[in-house]
Structure formats: structure tokens, C-alpha cells
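With the hints as extra help, turn the sequences into a complete structure.
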Amino acid sequence: MKDDSLLSKIDFDKSKLTLHDASIIINKTKKIILAGNPNVGKSLIFNHLSGMYVDVSNFPGTTVSITKAKYKDHEVYDTPGIYGLSAFNEEEIVARDIILSGDIILNVVNALHLERDLFFTQQLIDMGLKVSVLLNFTDELKKRKIKIDTERLSKLLGVKIFETSAVSKEGFDKIDEAIEAAATGNRQMELGKILHTLNENVKSPASSLLIMEGDTSLAKICNAECGSPDERELIFINRRNRINEIVSEVESEDSKKGEFFSKLGKLSLNPITGLPILAVVLVLVYFFIGDLISQRVVDFTENTLGKEIFEYNVKSFVADFTSTQINVDILDENDNLIDNKIFNFPQGKNADPVSADEFRTFSTQPNSVSDFTFTNPIAQLFFGEFGIITMTITYLFFLLFPLVIGFYFVMALLEDSGYLPRLATMLDKFLTRFGLNGKAVIPIMLGFGCITMANITTRILGTSREKSIVTAILQFVIPCSAQLAVITVLLSSAGAGPLLIYIVTITTVLIVLSTLMNRILPGESSPLLLNLPSMQIPKIGNIIRKTIFRSYAFMKEAGVWFFVGALGIGLMQISGLLIIWQDILAPLTTNWLKLPKETATAFVMGMVRRDFGAAGLFDMSLTSMQISVAIITITLFVPCIASFVVMLKERGWKEGLTIWFGTWITAFTIGGIVAQILI
Amino acid sequence: MKPANEIKTSELTLNKVNRGSKITIISLPAGNMRTQLIRMGITEGDSITCIENLPGGTIVIQKSRQEIAIGHSLAKKIIVILQYE
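From first to last, the protein sequence lines are chains A and B. Using our numbering, read the first sequence as starting at 606 and increasing by one per residue. Using our numbering, read the second sequence as starting at 184 and increasing by one per residue.
These aren't lab readings, by the way, just hints derived from the structure by calculation. It is possible that some hints are incorrect.
As the list claims (entries may be wrong) - With a cut-off of at most 25 Å between alpha-carbon atoms, the simulated SDA-like pairs for lysine to any residue come out as follows: (1) B:Lys-260 to A:Gly-1128; (2) B:Lys-259 to A:Phe-693; (3) B:Lys-259 to A:Leu-1019; (4) B:Lys-205 to A:Ile-751.
Written out as C-alpha cells, the structure is:
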């Protein structure tokens, strides 16, 4: 029997059936769906079949967009890792639609968690789908001395079981066989009776089961009625009991599992031992990201690759054709000015080969800084100081990209080692005060890297309420890595007092903000319910794959907004709006914040990139109290344009704009209050 | 099925269970959380161990080889009895 359930085609059951039969004769193309719980190695199998990189994740939320690939004559689809099909969230709805449209389901099961995973397997079988089970991580099984009687399991479920190991790729040669052998398995006995009572509108047994189990969105599409809570309950409990019985029959265990790691796992859960462990982890992370990546690596990529090679050549090329003034400074080792020349090319460099040659020789000396000013506003817009092409590419690819890679690498490492879910558990209670649960630690940690990246990651949170709170925290109080670097330098010259004032002020804002939001926002936040995978040494291949995939996905999703932001600021600069805006802010800056007039420029530039705001302050001589006020204001202040746009996309116009204006008001209010007290 | 709000004297909620105790689950809360628990492998009648009761009430339970963290507000709604051996 062909189990056709593609939602939009339910009404055309008959025609689709013949069409499908015909297509079988013409070619053997089948739609193969990989389905399974999170952490079953599904994506690794998909990588193997497709030869592509996909995200392999411990946390649901990273594979919501569906990956499709060709495998031999077939089409293979990867689905988000889910525990069942009940349309509880976006991932389940996405997975449901793909699964219902598939010909064959390859159900990937983690051999270490049979009880959990087979529940979904049984649901797929109950839906009457053609299923083969890939029993993954069987190599781990041997290590932990667990035995699974796969023959018996296969008999009980009524579908074929294939042992695989996604890490060593053992058993992958059997996947073809698994595709061929896919079959409808043994349904729960009780289901037959229940399904009789079903609504006639639904022709596919798969859809009718899901509707029976309370899938309201599917019921609406099919114009059918959901099963009563009791019926739904009965199906679930029966399924659970059946799986528990099956597992106790097929699984046997010889010994206890790995002692050291399980002990470490326990220690990292309890705050008494867990906080010192966290401190050690953070110090290691600091050395890796704060020192190695953001100082050494970024210094090379941003200054050498980005500014000296990329920007210099692009600008110099543009200067061939258009009216340009170039100021070249030659510095010594301590950044002192030792020589300076200004070149004028009213008709562009090509029109004046003699001076152009002189410029080339002069500007290619070591430690030279060339500053191009284009007369043509369009050239200035695209290639000038804040040029869309020049500045944004340097920023995006040579500064932000290495940092993003560094952050995703660390996150993958923490995730795969099993530490991250334990950290989330340890911090759960603390975060519930703010109306969040432990999972919120992930976007907040990422925020110290890049707010834009963190804004996207809020998707993993359970309710819209939690997403709002975390998004607000990120925009208001979390300084991104670019800002942190500048803040650190400014503070280092200011001493301990301002640091203390800074920390106290920011922490107070954090507590007031999140407590208020928790009070005001309607509804309830979701409680923590998190599977803790065993602690282990992460597999480096998997870490690298994850890092590459996520960094790529981030650039793809957010990259364009950095260009849009630069275009906006560029247009403001050309049209003179930037100056007007600075003039509006200037009295506020001098009278209220008690900072020099030029800091207004730094604040406005902070809109393009938050670090600009802070970096602008380098050149001014500020007292240590003024430094406190400036960094407090900048931290609380608007996020960069890219994070602003991504926030609007994630949270909608109303909420995004509220947060955005909120940051302006808070930054100037709090900054001002601190200034009035201190200065 | 027993409603979640009737608690007998020998029964207690999961958030009150001490670390290391073996317990049997008597009742889970209704609604979506129930389904999610069932799907993760936790049902009424299950025998589990509480391996951590963190300050503040986040609970970590173990069932066979699986460890699951449960937030305080959810643990409060799960009724269990202690197993005596």
C-alpha cells in the first residue's frame, strides 16, 4: 500500500497513486527521509550519503531548515532531531511535513538510549510508514559492555535493524540494503480498534494517527477532529509500555559505565564544585578567544589582510579613475609619526602617472598608513573610510569571521563534551529568577562574541517570552567581543574604581531589566527539561564540521545586514544627516553625560558597529570617571545595525523597536545619572 | 488515572527528593510537558534515581543510562514515592 500523505495533495489521493506507480516504472527515484531523536548521529549519516557538511547538534534548533541531497537515484532529506511527531514546535512541524511526504523512512536510533529513541520508532511504525532502523553507536555499545539482541528487536518491531557506527562509518555499506528492506512494522495492538472510529475526511493512516494523537494543525488542514485527551493518553502510555517491554527483552548490561567522566559530569552540575570548574573553563576560553583569536589572529587578518592588502589595493584601484586625495603617514615602531605626504589626484591617478608612481613607492614602505578621500560621493559611499565595500568587507570577513569561527568552535567543544548541557543545568535556578531556564545560557554566552549571532541563537528557547527576555538582555547589557576589547583597554588605564562602577551599574541594569520583564510579560516560561548526554572527549572531526557549518550559516544569514547597515550610515554621512544627528546629541553629551563634545561622534558611529563607539574614545583624553560614564553608556547603548536588523527579523517590528528605543533611553539615563553623581 | 493534585502521605513531589534516592513515579503533570517526559522515556510506574537535587531545586534524574535535568517548576508537578529496599 502506498502511504501518501503530502498535506497539500490529500484531496488528490487517487491521481497521485497512479502517478506514483507510473513513476516507479519509469525510474526508481524514492524520497528517503532520515528521522530520529536529537544526538543520534543522523546528520553524520546524512553527510555520508550526500557528501555534504551539515550541522550535528546536541541542541535542537540548529537544523530547522531542511537539508536535501541526491543519493544514487534517490532524494535524501535530513530532518530536525525530535522526540516524536506532535507539532509541539517549529521543528516537529517541519519534520512532520517531510516525513509525511516521504517514501521510505530511515529511522536512526541511538543504541545507548533505546528506551527513549524507540518511542519515536514505534510512532513511525504506528503511522504505517515504510521504515528501516539504523541502530547507531553500536561501537560505543561494545565499549560499555551492553548487548542488544537485534534479531529479537527486529522481530518485535517488525522492521529490519541495521547496526551502524556513524563515527567510524562501520555498517554504512548496509544503507542501500536498509533502503530496499524498508517495511511497515508491527503496530500497537490497541490502535486498530481506536483508528476505526476515525473521521472519514482523512484518508492516510499516518495523518489520521497524528490527528488522533492531537495534532491540531494537521487536523485543521484535513478538516478533521482531534482525538480526545484520553484517547491520546492511551496511545502514548501503550506505546511507552510496549517500548519498555521490548527494551527489557532485548537489552542486557554487563558493567557500569566510564567512571572518570561520569564523576566529572556530576561535579560540574553542583555549584560548589561546578563554579570552580566553570571558572577554569572560562579562563581557558579567554586564552583561546580573548588572547589568541581576538588579539593575534584578528590583528593579522584585520590589519594586514584586511586593511593593508585588501582595502589598500581596492582604494588604490578606484583612485586610478576618480578624483582622490591621499594622506600617507609613515610611522615608527612605537606608532610615532616620522614622515607624511599628501597626494592630490584631481583627475585620478591614471591622469598623473608621475605622482602615482611616487605615491606607490612612498605608500608601500613598512608601517605606512594611507588615508583615501574620494571627492565623488558615490565613490566615497562604496570605497571611502566607512565604505560599503571596503570597511564592511574588512569588518565582516577579516574581523568578525575569525571571531565567529572561534566562538562556534568553543561552543561545539563544550557541547560535544557534554559540558554545556550540564552548565545549563547548574545555572538553571539562577536563570529562573529572570524568567528563563538553563538553556538561556547559550545565547547569552554567544553574545559576548557577537550579539547578532546570539540574536539568531535565541531560537533554541522554548517560549516567545523567554526569547523576548534574552533578546532584551543581549541588546542592553551584554558587550560583544569587539566592545569588550575596547572596554578592556580603556579600563586598563583607568584602574579598579571605574571597573567596579562599571560592573555594579551593568549588573544592576541586568537585574532590574530582567526582573521587570519577567513581571510584565504575560504567560509562563518553560521549565528546564534537558537530556544530559554522557561526558566524553569530543570527536575533533565533528567539532570542525559543526564549526564550519554554523559559521557559514551565520555569514549567510547575517552577512547581508552588515552591508545594509553600512549603506544606511554611508547615506547619512553623504546627506549630512550624520552631522545633524551629532549636533542633536552634542548638548546631551556635554551637559548631561559631562563628556567632551566629540564623544557624540563616537556614539553615533556606535550605530554602525558597537566597537566604533568605544574605539572613538581612544583618541580623547578622558578622566577615569569620564571613562566609566562612557563605557557604561556605550554598553547599554544601541546594538550595531546588523544585530538590530536581525533582532527585527527574529522578534518582529514592535518588539524590536521597543527594545531599540529602550536601549537609547536607558543608556543616556543611566549614563547621565552616573555622570551627575561622579563628575 | 489519578489527578495530580491528590497527594497521599507516602507520596512527595520530585523536587523534595534527596540525592541518591531511588523513586517510583506516581504521576506526571498534564499537558505538553507530560508528552515530552513520556517521549524522553519517563512514565508513571518508572523506577528512577535522583542523582542530583541542586540548591534551588533543579533535579537531575537517571533512568538506566540516561540522565535528564528537570527544572524546579516541573519537578514540583511530578509526584513520586520513595523505594525502600
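Checklist entry - Going through the earlier hints one by one, which of them does the structure break, listed in rising order? => result Number 3 - this is the single hint that the structure violates.
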